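Enquirer: All chains should be modelled from the sequences, with the hints used to inform the complete structure.
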Amino acid sequence: MGAHPYSWIFQLLILVAIGLIIYWVFSGSKKESAMDIVKKRYAGGEITEKEFRKIRKVLG
726 MGAHPYSWIF QLLILVAIGL IIYWVFSGSK KESAMDIVKK RYAGGEITEK EFRKIRKVLG
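Residue 726 is where the sequence shown starts when you use this note's numbering, and the numbers rise one by one after that.
Restricting the straight-line Cα-Cα distance to at most 27 Å, the calculated cross-link-like pairs of lysine-lysine (DSS-like) are:
1) LYS755 - LYS765
2) LYS756 - LYS782
3) LYS755 - LYS779
4) LYS775 - LYS765
5) LYS782 - LYS764
6) LYS756 - LYS775
7) LYS755 - LYS782
8) LYS775 - LYS764
9) LYS756 - LYS779
10) LYS779 - LYS764
11) LYS779 - LYS765
12) LYS782 - LYS765
Label pairs and their in silico Cβ distance ranges:
13) ARG766 - ALA742: 36 to 46 Å
14) SER732 - LYS765: 45 to 55 Å
15) ALA759 - ILE734: 40 to 50 Å
16) LYS782 - LYS755: 23 to 33 Å
The set of hints was computed from the structure by calculation and includes no laboratory data.
These figures come from a predicted structure and were not determined experimentally.
Using N, Cα and C, we set each Cβ at its ideal position, and we do this for glycine too.
Expert: Right, here's the structure in full:
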């Protein structure tokens, strides 16, 4: 039995899907450090300067 005339399209779609999955896994978003989050919270006014200094001291 021969292959379907358009089976190459399916194979191409599978390869593209695998490529996208590999790209997504390895490029993934970089996680923010705890200090980055604290800095953003301070800049956004969510925490006071006193709280910021206290947290910064704890985090090192």
